[in-house]
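Here the protein sequences line up with chains A and X, keeping their order. Count along the first sequence from 1, add 800, and you get the number used in our numbering. Count along the second sequence from 1, add 800, and you get the number used in our numbering.
These aren't lab readings, by the way, just hints derived from the structure by calculation. All values reported here derive from a predicted model rather than from experimental measurement. Careful: at least some of the hints might be erroneous.
A pair holds if it fits inside one copy or across any two, identical chains being indistinguishable in the list.
What the hints assert, rightly or not - Here are the simulated DSSO-like cross-link-like pairs (lysine-lysine), alpha carbons at most 27 Å apart as the crow flies:
#1 Lys-1263 to Lys-1204
#2 Lys-1236 to Lys-1259
#3 Lys-1214 to Lys-1204
#4 Lys-1263 to Lys-1091
#5 Lys-1055 to Lys-1237
#6 Lys-1237 to Lys-1263
#7 Lys-1091 to Lys-1281
#8 Lys-1259 to Lys-1214
Letter by letter, the chains look like this.
2 protein chains.
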Amino acid sequence: MTRERLYLYDTTLRDGQQTQGVQFSTPEKIRIARALDALGVDYIEGGWPGANPTDSAFFDEAPRTRATLTAFGMTKRAGRSAENDDVLAAVTNAGTPAVCLVGKSDLFHVTDALGITADENLENIRASVAHLVSLGREALFDAEHFFDGHARDAGYATACLQASLEAGARWLVLCDTNGGTMPSRIGRTVEALIAAGIPGDRLGIHTHNDTEQAVAGSLAAVEAGARQVQGTLNGLGERCGNANLTALIPTLCLKQPYADAFETNVTAQALEGLTRTSRMLDDILNRVPQKQAAYVGASAFAHKAGLHASAIVKNPTTYEHIDPGLVGNSRIIPMSNQAGQSNLRRRLAEMGLEVAPDNPALPRILEVVKAREAEGYSYDTAQASFELLAREELGLLPEFFEVKRYRVTVERRKNKYNQMVSLSEAVVVVKVDGEKKLSVSESLDEAGSDRGPVNALSKALAKDLGPYQGVIDDMRLVDFKVRITQGGTEAVTRVIIDSADAQGRSWSTVGVSANIVDASFEALLDAVRWKLVRDREGA
Amino acid sequence: MTRERLYLYDTTLRDGQQTQGVQFSTPEKIRIARALDALGVDYIEGGWPGANPTDSAFFDEAPRTRATLTAFGMTKRAGRSAENDDVLAAVTNAGTPAVCLVGKSDLFHVTDALGITADENLENIRASVAHLVSLGREALFDAEHFFDGHARDAGYATACLQASLEAGARWLVLCDTNGGTMPSRIGRTVEALIAAGIPGDRLGIHTHNDTEQAVAGSLAAVEAGARQVQGTLNGLGERCGNANLTALIPTLCLKQPYADAFETNVTAQALEGLTRTSRMLDDILNRVPQKQAAYVGASAFAHKAGLHASAIVKNPTTYEHIDPGLVGNSRIIPMSNQAGQSNLRRRLAEMGLEVAPDNPALPRILEVVKAREAEGYSYDTAQASFELLAREELGLLPEFFEVKRYRVTVERRKNKYNQMVSLSEAVVVVKVDGEKKLSVSESLDEAGSDRGPVNALSKALAKDLGPYQGVIDDMRLVDFKVRITQGGTEAVTRVIIDSADAQGRSWSTVGVSANIVDASFEALLDAVRWKLVRDREGA
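So that you can see chain A by itself, here it is in the shape it has in the complex (with noise of 0.2 Å):
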């Protein structure tokens, strides 16, 4: 059987920017980029340059990708040509493939909005459109409004869609801004087009969340004929998000009848991945991931009520609409089950820890980690903190140093230009081989300003570990998170901290505490000693 290919364009870089609070980096727009690229997508849009300027900078700085590379921005104004369009030309100047360009199709936005007349509104898509195509672009049109425009004059709506296909766009893309279109008109509004001549296989849909169906309206539309699906990881986007294609790739490539129908760039093994790609945004984006996300959510696959639990370990399939391992999650099973025994020798074998089946101290570590978590610690990411709570356990941990006591001070004042100021000073005392060492540093970075009072606790506790000093002269801070949960009963501080070595290893460790500077110190402390242990292992 022949499938039919479906194209996935991803707006996480351009609409996904638009979710309250949302601001990328450009070396955050390149990583999110290089990840869309390794999921499989077809176009990854950048953002509308000239709009905005980090979004000018990632396209001057775009990797190369083999998704096509599109810039958004919008069809000509009236009055001018599209040649001598300002806002156009910032677009198309960015130089990428493909341009995205939006455009009224809704009469009431022509004449309220705009205040222009219907041809008018004609005329620009038109133009705009068959410039794009002359320079060598290939074009897509991004019809807004398009199903409240289409229920109040089908026919304008349909004309605006045949002006841009007659001037050359590739894609017309049906855009549902509102969020308020339900499925069922979706799919019926696109069987419309196509009996009215529109080809399917130039028709994009966009969708928004206003009303939980965004996924449901994209798929609406694909089952009605439509063949490119815009969407963006984890849902993000403007109000309530986009259509989210971490739950329609796996939908599109795994569920009937789409998986049989239609063809698209993800394979297999890239799909392993959309678990990981959607942990990583909300880490770029420093949110707590959502545990109930379809498909990649921790519980998604978390089986709770017992009846469940209990047929799931006879046969998985029967309380699980597909298999976990597809989309790189897992299956969580209650603690006390065997099942978490199992799990936590792999994970303890992957660390190079092999422990037999009946080893007393597994269901402490068991209980320790579930200790733990309930005071609010996190060993998702924590990876390097679990192993030195197991190995605890596990009686392999030596004690290299004993950390006395430590002081930090943060003061704030104005210098002698009467500038406000900030200096941070930590004194941290450890034990070493029996030998007490007191070590000071401050904060001070090189252009001689403050880094705050982490950076002077890490820099004093690094000062001097006697025979270890050697081990981690090597180590850097790569990076710092800080958020705030529930830890019993009170909101606590939880800091996740990422280092690196010279050897190219990468290690997290966590640390909580109601005291932020306290938190980020156990976090600190267990750095050093999982980078003390690897060394000595290596040894």
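Assemble chain X onto chain A, guided by the hints.
For chain X alone, kept in the frame of chain A given last:
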């Protein structure tokens, strides 16, 4: 036009409690039941009496509700009569007017999981439902794995429904237990059942969100003829959750084709309580409300794109699918570097600052916002810090007090019992009305636990502000969020603080610095200054 009656069935207290990490206490269940009743659902499923101690306790103390209180259980087991099944007896003994019993309708599960014959299962359904009817209860049959069963053997699945119908069940609930059925197939299956003679007004739909389509699946069933919709508040539930009633109810009440076709028990006034009800549940669960939630999320009507924000000012229907007030939510036009001057003036007007369009401060405010956002600030959520910034540029910000300097010390050492303990101490020096005031506080809470340096600073700052002391006495810190972000070329810390006061006001402020304590202090200062501005304006 007569509208058909559509029934809403809530299972927050039963299936919702299958959410990972959720366990309601009896008083919490009572509070949720009252809220559901006020909202206007028709059925409240309270739990499984006998299976869970808090479920049994809830039925003992259940509040009087207009909604039909329903107990959940399972059909009798094979080899005993319904009258002699102790599991079923525990359910009926709860004395609820309605009882919903789950049973098998997928032949594979009958033979594989239960290990009984097809006929024995039909007899279990028939006898159990007849038993409920003989006790004078309204009977509901919950057909587990219905859609998978119907795909495998439509005849047998339909026979299970028929058996319960003939025995007197009021409702036959089609349950998509694994959450993997596409809405289009749900719709076709319901159509097939009605064509096979099962009345649509006896059919209910119970979906799960494993492909992010639980809402769409429920609506597909309604469009095909089902007349009872099951779900949970905020989409709680096992794995990815149940169909979200918080999204379904407004869609059924406000959106077409449903609003004109169906009548529910939810009044327009009750619907205005939807956002509050959703937040109340998050509050009970101590969860941060999902900003992007359909209808009720804080971002659901937030317009960030410059293009959208200026159109919204002219005509809200351009970018809103419903009036946010209908569900008790409100519109937000956040400040961000994508927003224009019209949106700025509107935002200022909402803060009580009427500014003429030609005021030269307007472009300056936009410039400062842009420059600050490049440094790592974010004003999307920190509206109070934005207001202070705007007032500063407009010359409308009094200097209430000046912070001359501060110093905070964090110390960790062994106490006399040889336990590691930490303590923070802060000194803040302010000048108020020409008078210098030194305040010192430590970070211990009432239980004697260290709450960290920001807590100590906050207390020291609020300790003595002279004439302003009375104004800030009722302020409290509600939430504290930290993220590492890019400020120019270096990583900086962004702190957002949510504050509230006794008058029910709540506001958010932001601080940015490489030094986390300093960033927190800046956000704290803004919080205090905003409160002083507001109380002065109010006077």
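**Message:** Please list, smallest to largest, the hint numbers that this structure does not respect.
**Reply:** 4 and 5
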